[in-house]
Amino acid sequence: MTRHLRRRLAGTALTAALALALTACFGSSKGGANDNPNANVTITFWHGWSAPSEVKAIQATIDAFEKVHPNIHVKAVGNITDDKINQALRAGGPSAPDVVSSFTTDNVGEFCTSHAFVDLTPFLEKSGIDPTTTFPGPQLSYTQYNGDQCTLPLLSDAYGLYYNKDMFKAAGISGPPKTMSELDADAVKLTKESGDTYSQLGFQPDYHFYESTITHFAAQWGPTYFTSDGKSNVGNDPALKSAMEWQKNLVDKLGGYSRLDKFRTSAGEEFSNNNAFMTGQVAMMIDGEWRAGMIDDSNSKVDYGVAPFPVPDDMADQYGKGYITGTIVGIASTSDKQNAAWEFVKYLTTDTDAVVNFANAIHNVPSTTAALASPKVSQDPNFQQFIKIASNPNSSTTPASPNGGDYQLVLQQLGYDYESGKQSDLQAGLDDAAKQIDTNIAQVQ
Amino acid sequence: MTLTARPRTRRNPGLRRRRRRERLRTLAFLSPWLLGTGLFFLYPLATTAYLSFTRYDGFVSPRWDGLDNWTFVFHDYPFFWPAMRNTLWFVVVLVTLRIVAGLVLGLLVIHVKRGHSTLRTIFYAPFLAPPVAGTLAFVFLLNPGTGPVNTILAHFGVSAPNWFNDPSWSKPALTMLALWGVGDLMVIFMAALLDVPRELYEAAALDGAGAIRRFRHITLPHLRPILLFAVITGVIATMQYYTEPIVAGQVASGQIAGSGNQFEPGYPNGSTLTLPQLVYNLGFQRFDIGAACVVAMVLFVLSMVFAAFLMGRGHGFLAGED
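Chains as they are written, first to last, in the working numbering: chain Y, 1 to 445; chain Z, 1 to 322.
Isolated chain Y, as found in the complex (with noise of 0.2 Å):
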């Protein structure tokens, strides 16, 4: 054999080991598995659930479900940080997870697109799952990404208005403001100023404040952020410019940015029994469902009611929406296990009970339309009203796209410069955040 011949079959025998490496690095995204699924397997499940009640609830879930299936095994690994899935999917091998669940919805146009994350849609087929019927509007669409349906919802998170019933009742309010005409004139009139500051705020619309940030209050305008072809529709649409007006407003009615900026700077933090609506220095304030389990946890003295988050006065019809977002949970398409995982992710998703009962454990809201409807949800007032708001075919959410959250980022950005005044024109800094979208998108594409 020559010299030259000897490279050159090294030269091959070296591409076509690269060739394999790389294409070996994610399996099928099809959802083409085929090992045997009665096969008796250790599946590993990663999820960042880490508080001791949660991970006893989403345990008991994997109980119940190893007893449906017996041959599947379910190694939970808890704590995991995105940070940590990322790796794990990019390296794959042995110890890498086959099912994992991560909180935030941002990354699934990523886990889409690259593939992390195999295509649920032909398991769904297979299953006869109908996806459309199965689970709400909102879940659907940020489980997926340009119809890759590459994760599934597993319990959801609703937003509504949380208000103080003593306060109300002491400024003579007889109940929940529905439009955002109520929410102004009862945040004015439950606002007390004190000094620079105030001894007490009706509602605090300033955007770094807790869970006021853009994306929750746009909700209810119901924008729509890009466009089919996948551009940005931000400066198009009249949605958002109209909930970022609302908010300037309210911001200047309330006394102006910096007032309303050192309140915010003085409150407790968010996730605390220092938080400013727990410890009675806010009359009304927007905030998931899990706010009242704290709530009710805490040594706090607050009366509290939960209603639906204002809506438009000229959308008074829809009033009953809000933003909703949630846990999703995927299969690796690393894992060799694929239809093993996907009896897992069936069972953690779709059925009802295994729904219910894990939504009930940790106070969080069932995400099929089925668990949604089911009596064996909880029926404390307060938390119905999350299910109304999650059940309400207005609700929305916000899409995913294939750079994480970078368009909330640029969205947020700007609702920064205008509600303190560094950005006057608001039609302007819509098209510029739009092109700055666009821009960010083209670059990871």
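None of these hints come from the bench; they were simulated from the model. None of the values given here were measured: they were computed from a predicted structure. Among these hints, one or two may not hold up.
No more than 25 Å apart at the CA atoms, straight line, and that leaves these computed lysine-lysine pairs for BS3-like [claimed, not checked]:
no., chain 1, residue 1, chain 2, residue 2
1, Y, K422, Y, K435
2, Y, K262, Z, K113
3, Z, K171, Y, K422
Far from chain Y, by Cβ distances over 10 Å, these chain Z residues were calculated [said to hold, decoys possible]:
no., residue
4, G36
5, V60
6, F74
7, T118
8, V149
9, D195
10, P221
Even for Gly, the Cβ is constructed at its ideal location relative to N, Cα and C.
Please build the complex by placing chain Z on the supplied structure of chain Y, with the hints as guidance.
Relative to the frame of chain Y, chain Z by itself:
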């Protein structure tokens, strides 16, 4: 020609063997360093440089993309130039003040007659505090509404700033945090100051030199190598300034992002954003490792330029010693 060539041909094999053995021996002695440098410096550096010209999300194989990442970072990425300005601000202000503070504390501790051990411990202890814990403590202390610093200042009628919540004060607040942990430099300067021969000071004093002249003409020349070391390591550490600004920004903003969520860069108003934070934002939050590598290369080049400049100046310092 023939006579001179023939003996050389006969001697050459042995000579070559000896030289080869010497080269191999040299290589064997150098191999741990070569291996370490190759594996942990040159290979990552070359990979970073290569990836900066590719589209790479960490999942799918890198794809050659020419100068697109460089154009994006320098032209289209709105956070790059603010982060560059902030990083350079920290390099100039923070490094300078840390060195001055370290030197002043070192002088104070060696000149104090009583209790210098206690003082040394008090000044050094904060350096041992974990950066996250130290930053959290500072954000709490300097909280505009509930922090004890502003409460005390208000008691005396002083209108205190908003510290970590004010773009004009966030960098000075971070500098205060860095000065609080200046114990490492204090110890180094202390050791160097104790190394200066006493008789030089005595002779200068006899010649009528005052304290300032003694410091300028005796102390400073002896400290020059240590000063050079402090500046270079300070600049490199500041180029990697990440934990304190990101923790301070996140905590002060009141919006602790959940795992996987993007968060506001450099709160307040981008004033605490540094280049290493961009590497994280681009590479791990936007899945744009190619662009993250561009920022990493910029950091590398800046560090090299600073180090080369200072080494050039330092050579003069050291030469002046001889």
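Hint by hint, here is what the structure shows:
1. Y:K422 x Y:K435: 19 Å, holds
2. Y:K262 x Z:K113: 47 Å, violated
3. Z:K171 x Y:K422: 20 Å, holds
4. G36: 24 Å, holds
5. V60: Contrary to the label, Z:V60 does not stay out of reach of chain Y, its closest Cβ about 5 Å off (not over 10 Å).
6. F74: Non-interface label on Z:F74 holds, nearest chain Y Cβ at 13 Å vs cutoff 10 Å.
7. T118: 36 Å, holds
8. V149: Label holds. Min Cβ-Cβ 14 Å, cutoff 10 Å.
9. D195: 46 Å, holds
10. P221: 48 Å, holds
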